[in-house]
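Chemist: Residues per chain, in single letters:
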Amino acid sequence: MLPLPALLPQLFCLIAEPLLNRLIRLDPAAQARLQGLQGRQLAVVLTDLKIRLVLTAQPNGIWLNQHQEAVDCVVSTRLDSLQQLQDPSQLTRLIREQALDIDGDLQQLQKFSQFFQQLQPDWAEHLSGYVGDAAAHRIASQLTQLLQLLQLKLQSAEQQLAALALEELRLSPVGAELAQFSTDVSQLQARTEQLARRLQQLSALKGK
Amino acid sequence: MTEQHQDAAQTAQNTTTHFGFQTVQAEQKVSLVANVFHSVAAKYDVMNDLMSLGIHRLWKRFTIDCSGVRPGQKVLDLAGGTGDLTALFSRRVGPTGQVVLADINESMLNVGKDKLRDLGLVNNISYVQANAEALPFADNSFDIITIAFGLRNVTDKDAALRSMFRVLKPGGRLLVLEFSKPTEAWLSKVYDVYSFKLLPVMGKLVANDSESYQYLAESIRMHPDQDTLRQMMEHAGFAQTSYHNLTGGIVALHRGYKF
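Protein chains in written order, with the numbering used here: chain B, 20 to 227; chain D, 15 to 273.
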């Protein structure tokens, strides 16, 4: 076993912390929103990776650490469930499926979540310091258009791939086929159970 | 051997100590170590990055993680040198807390002062030139004490640990980050080749000082291993002592509490 991976969480924090705080500084409204969180700590435990990442809100940014001390709120989840946390309607389902566990002050979790969702770095303002206002505005608007175009292309590619997999290549079943298969399996299960009962009855008769 | 001769030999042994692989008089070690750090102070950070391939930053972050530092706390960064840990602590204790950067070596302290001022960290940091064996602070003054890559250069380590115990508040914790003994035989061999062959050459090329880096390699080998240091901490009065090996035991972080 190589010794370095034990320090990977520290490596992640070392790289991510300045990047995150740079992003926060690029949003002029973020500092004010941070005041409401000041001194609060949120721990995110990724159960599959066995990592506990602690976010501490400070007046001038958010510090990332990996410690076991008591914090305001602990969110335990798997890495693949992390993205689903953005959608509040998924929370109940994730808790029910034991894919998410929240321990502590739920209000602090909501505040942290709100802070990150509202984070809007002003790239154009930052860029204008290097290339001037007009050029920065032009670059920012073209980048926005490019991102929108990429999102559209991505959605379209996803739809085309799904259609290809379902209808052309028949790699996966369409919804109706899946429903029919599910019904067939249920019927087969019922018949198997019936047969098992019948066999039991026959065995009992033979025993007499 | 007569009793008188035994006493004389014992006294001579008590007043000598290690300086790398050499045996020197205890009072001589302070000035020898001081010379080493006066010589390397200017290139200390560059050499740290070069020698450890930047991994020393991860070891220091791990130390911060294990410190459980909170806003408002008072921290002593002993043998703090160029202030890497002080910078991390300063941001975390915030304006209501305080970090004291202490080092016995004036050159190192000056490099640390300049660096931290350049980083804009001025409000909650104070600087003290101090000997770890006789800390100039009142009893029960600090919530956290760290000593990173400093303890092995101290002449009387037991006295230094007792001094740290005295100035630590009840409930406070001591963190000792120091080179230690690799846990794997293969790593130990690679590390020996690196330390005794490559390190002095790097020292010569970058800092124009191979002797200081030869001393570094030798002083690491003479430093107590993980379990011995843990026992020394317990003898000094620390409770719940433990250690984490980092990078295969090349470095170990020892932790102990004062109750």
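If you are wondering where the hints come from, they were derived from the structure by calculation, not from laboratory data. A virtual CB, placed ideally from N, CA and C, is assigned to each residue, including glycine. One should not assume that every hint holds.
Beyond 10 Å from chain B on every Cβ pair, some chain D residues (computed) [claimed, not checked]: (1) 48; (2) 79; (3) 85; (4) 261.
The calculated label-pair distances, taken between Cβ atoms and stated as ranges, are [what the hints assert, rightly or not]: (5) 254/D / 166/B: 51 to 57 Å; (6) 25/B / 140/D: 47 to 53 Å; (7) 201/D / 125/B: 42 to 48 Å.
DSS-like cross-link-like pairs, simulated, lysine-lysine; straight-line CA separation at most 30 Å [claimed, not checked]: (8) 43/D / 195/D; (9) 57/D / 203/D; (10) 69/B / 195/D; (11) 130/B / 88/D; (12) 127/D / 88/D; (13) 183/D / 57/D.
Chemist: Any of the earlier hints contradicted here, and which numbers?
Modeler: 2, 3, 4, 6, 13
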